[in-house]
Amino acid sequence: MKAITDILGRYGGVNLLPVAVAVLAFLVIGAPSSWVTLTVAGLAMGMMIFLMASGLSLIFGLMDVMNFGHSAFVSFGAFVAASTLAALSGWLGADNIALNILALVLAMAAAIVAGLAGGWFFEAVIIKPVYKDHLRQILITMGALIVAEQIILAVWGGTPTAVPRPAFLEGAWIIGDVSIEIYRIFAFALGLSVYIALGMVLGYTRVGLLIRAGVENREMVESLGFRIDRLFIAVFMLGSGLAALGGAMWAGYQTLISPSLGAEMMIVVFIVVIVGGLGSIHGTLLAAILVGLLNNYVGYLEPKMALVSNMILMMVILLWRPNGLNPAIK
Amino acid sequence: MSLLSLKSMRTNIGQYAVLHDVSLEVPEGGVFVLLGRNGAGKTTTLRSIMGLWKPSPGSVVFRGEDISGLHTADIARKGIAFVPENMGIFGGLTVEENLILATANGKFDPARLDRITTLFPALKTFWTKQAWSLSGGQKQMLAVARAIIEPRALILIDEPTKGLAPAIIDAMAEAFREIAETTTILLVEQNFEFAKSLGRDMAVIDDGRIVHTGSMKDFIANKALQEKLLSLSA
Chain A
1 MKAITDILGR
11 YGGVNLLPVA
21 VAVLAFLVIG
31 APSSWVTLTV
41 AGLAMGMMIF
51 LMASGLSLIF
61 GLMDVMNFGH
71 SAFVSFGAFV
81 AASTLAALSG
91 WLGADNIALN
101 ILALVLAMAA
111 AIVAGLAGGW
121 FFEAVIIKPV
131 YKDHLRQILI
141 TMGALIVAEQ
151 IILAVWGGTP
161 TAVPRPAFLE
171 GAWIIGDVSI
181 EIYRIFAFAL
191 GLSVYIALGM
201 VLGYTRVGLL
211 IRAGVENREM
221 VESLGFRIDR
231 LFIAVFMLGS
241 GLAALGGAMW
251 AGYQTLISPS
261 LGAEMMIVVF
271 IVVIVGGLGS
281 IHGTLLAAIL
291 VGLLNNYVGY
301 LEPKMALVSN
311 MILMMVILLW
321 RPNGLNPAIK
Chain B
1 MSLLSLKSMR
11 TNIGQYAVLH
21 DVSLEVPEGG
31 VFVLLGRNGA
41 GKTTTLRSIM
51 GLWKPSPGSV
61 VFRGEDISGL
71 HTADIARKGI
81 AFVPENMGIF
91 GGLTVEENLI
101 LATANGKFDP
111 ARLDRITTLF
121 PALKTFWTKQ
131 AWSLSGGQKQ
141 MLAVARAIIE
151 PRALILIDEP
161 TKGLAPAIID
171 AMAEAFREIA
181 ETTTILLVEQ
191 NFEFAKSLGR
201 DMAVIDDGRI
211 VHTGSMKDFI
221 ANKALQEKLL
231 SLSA
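Chains as they are written, first to last, in our numbering: chain A, 1 to 330; chain B, 1 to 234.
By construction, these hints were calculated from the structure, which means they are not laboratory data. Warning: the hint list may mix true and false statements.
[As the list claims (entries may be wrong)] Subject to a maximum C-alpha distance of 35 Å in a straight line, what follows is the list of computed DSBU-like cross-link-like pairs (lysine-lysine):
{"hint": "1", "chain 1": "A", "residue 1": "Lys128", "chain 2": "B", "residue 2": "Lys107"}
{"hint": "2", "chain 1": "B", "residue 1": "Lys129", "chain 2": "A", "residue 2": "Lys132"}
{"hint": "3", "chain 1": "B", "residue 1": "Lys196", "chain 2": "A", "residue 2": "Lys128"}
{"hint": "4", "chain 1": "B", "residue 1": "Lys162", "chain 2": "B", "residue 2": "Lys107"}
{"hint": "5", "chain 1": "A", "residue 1": "Lys132", "chain 2": "B", "residue 2": "Lys162"}
{"hint": "6", "chain 1": "A", "residue 1": "Lys132", "chain 2": "B", "residue 2": "Lys54"}
{"hint": "7", "chain 1": "B", "residue 1": "Lys78", "chain 2": "B", "residue 2": "Lys223"}
{"hint": "8", "chain 1": "A", "residue 1": "Lys128", "chain 2": "B", "residue 2": "Lys228"}
{"hint": "9", "chain 1": "B", "residue 1": "Lys107", "chain 2": "A", "residue 2": "Lys132"}
{"hint": "10", "chain 1": "B", "residue 1": "Lys78", "chain 2": "B", "residue 2": "Lys7"}
{"hint": "11", "chain 1": "B", "residue 1": "Lys7", "chain 2": "B", "residue 2": "Lys217"}
{"hint": "12", "chain 1": "A", "residue 1": "Lys128", "chain 2": "B", "residue 2": "Lys54"}
{"hint": "13", "chain 1": "B", "residue 1": "Lys107", "chain 2": "B", "residue 2": "Lys54"}
{"hint": "14", "chain 1": "B", "residue 1": "Lys162", "chain 2": "B", "residue 2": "Lys7"}
{"hint": "15", "chain 1": "B", "residue 1": "Lys7", "chain 2": "B", "residue 2": "Lys228"}
{"hint": "16", "chain 1": "A", "residue 1": "Lys132", "chain 2": "B", "residue 2": "Lys196"}
{"hint": "17", "chain 1": "B", "residue 1": "Lys7", "chain 2": "A", "residue 2": "Lys132"}
[Unchecked claim] Some chain A residues flagged as far from chain B (calculated, every beta-carbon gap over 10 Å):
{"hint": "18", "residue": "Glu149"}
{"hint": "19", "residue": "Ala172"}
{"hint": "20", "residue": "Ile228"}
As the structure is a computational prediction, the values presented were derived from the model and not from experiment. We put the beta carbon where it would ideally sit given N, CA and C, even for glycine.
The shape of chain A in the complex, shown without the other chains (with noise of 0.2 Å):
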């Protein structure tokens, strides 16, 4: 183990992870238009799980919360997305792109908003009680989800949704003989914009600062004048916001979602936090990467052995390194 990670580190440590699993399964699979299709959709579907694990990694470091109710704010996302995108159902067929971006945007405003109104409520009414409790979280916030999940069946039913999406984000692009969907570069996009804008927020700025050194040592934090705890709020807020945001993308990527979305995502967005690292935005972006990209692969080779993969991976990664790929905590 300690010969691989020397020779990772000499040559950019765990960040070529999903470089070197994207050219062993260039070898294995053979046909460069399937790799670039499956790498594409890889890199869509990484992006968008982590939207939704972003946070739940912060709140994990940060706040020493396990939080499997996580997942139902990415289901109230999609269906609130959902809603949203059928009530402007004319916006989006409409032959104006201006109308069609407004659709999708307001959308996504309303998933959010949805989320952080969504995560407010729960960190005060739910987490505020069982802090320093992990045998009391994990309880209460795995009976808050299937609570959330009952709630999106009496409002939305428990018939499969679906999604409208606009009409600029149909159809693929075709170069060659490779089709790549064009709604999977937005995805892809629009999560690297939220990894940048992360970063900006978590590098450049005091409450930056302030998650990052809280993630490491509360008590320090505190004991240097600052109330963490109204940080707890914040953070928790914009974990929930951002899985909205996942479950929005993820709605309009399906186009058709049913109300046991959240608990499907569930493994997927832990195993992408712990192989990760806690608390570290760069390594949930690695990680999810690694788990979309191998998602696809896998799914395209062995179909039945997708889910596994994910295991196999939580399970390689945790054996080489115990605290994930790139923990906040050195």
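Dock chain B against chain A, hints included.
Just chain B, lined up with the frame of chain A:
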């Protein structure tokens, strides 16, 4: 009037009573040393003052105000800095970021920064390095520098010499002497040689109780008392 008064302070950690009856008067100015054997309650005393563990019953009076019920952040804002035993350095942050986080408004006061880099020149050398890459002595320097980056009335320092090389300990003692000219230091220490070179007043804690208070000068002169309270050979 004392700068800090601990009155019949008792602290429980879980179901265990660690401090039974701690009463102490820390005068303004100089270095006040709290000595004691391992597990006597020295660290718990400092953490109770900072509100990291809540004393109950008993009170902590700072500049005439009872601060025992306040949140740790509010206690810090009253002008008390804390340098814990593990130094509390944020390893993922650079030296600069560790220091700027401790400033009141996110900006350095050039005069204070100049004083810090004169006291601890190594910090300037590693200014942009992540703190986890520093040596133990450099981390301790950073922890102390962080405590004095803003004007403070009192600095609580927990065993700063633990695991440090003798040369670093000497440099640290020199820095503490200079800091104590303007700020009161409550120093918890097991290294008696280091403590006696700095302390003006002192107390000894044993089994969660203050068993002796007085001047360091008198304590140094009384070998029998040292032997009795600290098991130091005469």
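Under the criterion that the straight-line Cα-Cα distance not exceed 35 Å, is the pair Lys132/A, Lys162/B satisfied? 30 Å, holds
Starting from Lys128/A, check that the Cα of Lys107/B is at most 35 Å away, please. Roughly 33 Å separates the two Cα atoms, so the pair holds.
Holds or violated: Lys162/B to Lys7/B, with C-alpha atoms at most 35 Å apart: 29 Å, holds
So if I understand the rule, the pair passes when the alpha-carbon distance is 35 Å or less; does Lys78/B with Lys223/B pass? 38 Å, violated
For the pair we were handed, Lys128/A and Lys228/B, check the Cα-Cα distance against 35 Å. Roughly 48 Å between the alpha carbons, so the hint for Lys128/A and Lys228/B is violated.
Would you assess whether Glu149/A, listed as outside the interface, keeps its beta-carbon beyond 10 Å of every beta-carbon in chain B? 37 Å, holds
Is it correct that the beta-carbon of Ala172/A has no partner in chain B closer than or equal to 10 Å? 42 Å, holds
CA of Lys107/B to CA of Lys132/A, is that 35 Å or under? Judged against 35 Å, a Cα distance of about 34 Å means the pair holds.
Holds or violated: Lys129/B with Lys132/A, Cα cutoff 35 Å? 33 Å, holds
Is the Cα-Cα distance between Lys162/B and Lys107/B 35 Å or less? 31 Å, holds
Quick one, are Lys7/B and Lys217/B close enough, alpha carbons at most 35 Å? Holds. Lys7/B to Lys217/B sits at ~25 Å (cutoff 35 Å).
Please verify whether Lys132/A and Lys196/B have alpha carbons no more than 35 Å apart. Distance of about 40 Å is beyond 35 Å: violated.
Against the hints set out earlier in the document, violations occur for numbers 3, 7, 8, 16 and 20.
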